[in-house]
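*Asks:* Chains A and B, in that order, are what the protein sequence lines are. Taking the numbering used here, I'd label the letters of the first sequence as residues 2 to 114. Taking the numbering used here, I'd label the letters of the second sequence as residues 38 to 148.
A few of these clues could be false.
Stretch-level coverage of chain A by chain B, calculated; a stretch enters the list once three of its residues show a Cβ under 8 Å from a Cβ in chain B [to be verified]:
hint, stretch
1, 12–26
2, 52–61
3, 69–82
Lysine-lysine pairs mimicking DSS-like chemistry, simulated, CA-CA at most 25 Å apart [as the list claims (entries may be wrong)]:
hint, chain 1, residue 1, chain 2, residue 2
4, B, 107, A, 58
5, B, 88, B, 147
6, B, 107, A, 43
7, A, 84, A, 43
8, B, 107, A, 84
9, B, 73, B, 107
If you're looking for bench data, these hints aren't it; they were derived computationally from the structure. Ideal placement from N, C-alpha and C gives every residue a C-beta, glycine not left out.
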Amino acid sequence: EPEVTQTPSHQVTQMGQEVILRCVPISNHLYFYWYRQILGQKVEFLVSFYNNEISEKSEIFDDQFSVERPDGSNFTLKIRSTKLEDSAMYFCASSGGLGETQYFGPGTRLLVL
Amino acid sequence: GQQLNQSPQSMFIQEGEDVSMNCTSSSIFNTWLWYKQDPGEGPVLLIALYKAGELTSNGRLTAQFGITRKDSFLNISASIPSDVGIYFCAGLRNAGNMLTFGGGTRLMVKP
């Protein structure tokens, strides 16, 4: 069964450093998403991406964040200068179309020291 | 912003018991989804509901999309130890693809 994959599974970084989180969405899906989950809290939407551009973003997704689909398979989230409060699980998801079910990857646990 | 209120926050039950959890909102959602999350993993889709009033089953799981489109419930019958985890409801509005998640229900099952 096709699935969303994410790398790395864990990342530890120093405050102020840049991190890039990687995702490979399900191959025939057209919509891609990033969500985050701070420890013990609910899953929060960050951004959705379609046709090589951001289609929707939340207040959390400020200028420190960017997304890119550098090739036909990868979808990345970059945090330019990490802050302590960026520590969270980051989930990538994909869906076949607008309004269709979103399938989540296993997540990357980011710890900012 | 949109909020989904999920209850209960946690449940501790005996194996074999039935479980019910629900989500309510002040806003209308056009799709309701129920996910299960195991520790350290991503949410896994259990049931998707696309029509108001829809009742859908997946094995021992049954979920309904409320007729007002502002609520949904999930029932688990005859619980087993592997049902342990956090269950999230999530809603999708028509205008976009942003999933709004509830706060989760932590289910613990005593063998």
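*Asks:* Run every hint past the structure and note whether it holds.
*Replies:* Going down the list of hints, with the structure as the test:
1. 12–26: Check failed, 0 qualifying residues.
2. 52–61: The restraint on the stretch 52–61 of chain A holds, since 3 of its residues have a Cβ under 8 Å from chain B and three suffice.
3. 69–82: With 0 residues closer than 8 Å to chain B, the stretch 69–82 of chain A misses the three-residue bar; violated.
4. 107(B) - 58(A): holds, 23 Å
5. 88(B) - 147(B): violated, 35 Å
6. 107(B) - 43(A): Given that 25 Å is the threshold and the Cα spacing comes to 19 Å, the pair holds.
7. 84(A) - 43(A): holds, 20 Å
8. 107(B) - 84(A): violated, 36 Å
9. 73(B) - 107(B): holds, 21 Å
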